[in-house]
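With chain S held as given, fit chain B onto it using these hints.
For reference, the chains in residue letters:
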Amino acid sequence: MPITILGPYSRTILTIFVIAAVLGFSFTYVRIDVYTALMPFFEWMETTWFGYIGKTWGAAFATIQAGHLIGLAVLGGCVLVSDGRLLGLILTDVPHRTVIDRADAVFFWALVTLLLTGIFMACGVAMKIYYLPVYWYKMLALAGGILFHYFIRRPLLVHDLNSINSTVLKMTAIASILVWFLVAATGRWIGFSG
Amino acid sequence: MNEFIYNIAVWIDDTPYSAMLHESYYMYNWVESTHVLTLMVSLGMLFLIDLRMLGYAFPDVPASKIAERLNIPMLIGFTVMFITGILLFYAVPVRSAQSIWFRIKMVLLVACAINAYLFHKRMSESVSSWDCEERAPKRVRTGAVLSLVFWTIIVICGRFIAYDWFDCDYEQSALVEFVAGCIDGQTRF
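Protein chains in written order, with our numbering: chain S, 1 to 194; chain B, 1001 to 1189.
Please keep in mind that the hints were generated in silico from the structure rather than gathered at the bench.
Mixed in with the good hints, there may be bad ones.
[To be verified] List of simulated lysine-lysine pairs, DSBU-like, C-alpha gap at most 30 Å:
1. B:1065 with B:1138
2. S:170 with B:1065
3. S:55 with S:128
4. B:1105 with S:55
5. B:1138 with B:1121
6. B:1138 with B:1105
Just so you know, these numbers come straight off a predicted model, no measurement behind them.
If we strip away everything but chain S, and leave its shape as in the complex, we get:
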């Protein structure tokens, strides 16, 4: 079984493989075929109830956008506290394990809020974002962030943190902050495009 062969780093190696495969895939013509095949899905999104409300009721769209921002704020707060602790910058007198586990619980709900409000918003402007390259960058960043968090960062931090090289911990924290900043920045960039 591959899991046994790869040992304790199976998920990390598989995640890196998936990210590398996606990057490799993005340079092939298959990407264009997939992009074209997704068009009916985006057309359908605009016809849904969410799409109808998002397009016709500006106040509802803006309120959901605000919910998206609040979800982002809480997610960012969790990332900064958790990774700030790994970097030795914040809550240094509270055990690593406590900070990471408690921040992770809030992180999950913030991520759920981001995804739900994000789906609503995407339905309202589905065809616009379909043609926006930056939307696809954001989706890649988001997928990368989720994969990184649940398949690299979390499995790594499950172990006794004192047994992990401190440089590895710091690199993981910096990578985590950067990947979620990238998600937020590309999201903001969507607002300036189109």
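What follows is chain B alone, placed relative to chain S:
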């Protein structure tokens, strides 16, 4: 009062840097992006403190520790938001000054400042007796809930500013004109 605010806004609008900032696609977007992205530091920390008081975040970490340690990054975040917020107002002064949503936002910011003062006062008075409890006493929890509600409305108002539903250059009801501070015969919007 509204005429005074309008005249000040027009005066700011006439300054060359206001027009430069407004017309600079990249600079304006950088300032706006910084204003929005700093939410992750300011509101992110604030909401974690409020959620701690309500028992939903870090329940086994002493409340005073969370409030004290997260306070510094939160204040740094709010300082950046405040500076970028002033710059955003400086870039579009007349429309912002006559935006209902901007006005509600400013009133709520004052309410938030008062609430934060009372919250810290109540907390410092009694924290030693409940510091390690999962939930803070009712008085402190009320402050946390008010903070969450006020800031949620502030973010919503911030988003609504971008929409022109109640702008003075459209025909509005007398109530909207009064709240927005529209001036009869104004030439600048």
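Hint check:
Proximity of residue 1065 (chain B) to residue 1138 (chain B) is assessed by CA-CA distance (about 19 Å); at most 30 Å being required, the pair is judged to hold. With a CA separation close to 23 Å, the supplied pair residue 170 (chain S) and residue 1065 (chain B) stays within the 30 Å bound. Distance check on the hinted pair: residue 55 (chain S) and residue 128 (chain S) sit about 11 Å apart at the alpha-carbon level, within 30 Å; holds. Under the criterion of a C-alpha separation no larger than 30 Å, the hint pairing residue 1105 (chain B) with residue 55 (chain S) is consistent with the structure, at around 25 Å.
For the given pair, residue 1138 (chain B) sits about 14 Å from residue 1121 (chain B) by alpha-carbon distance, which is consistent with the 30 Å threshold. As the CA atoms of residue 1138 (chain B) and residue 1105 (chain B) are separated by approximately 27 Å, the hinted pair is consistent with the 30 Å bound.
Of the numbered hints listed earlier, not one is contradicted by the structure.
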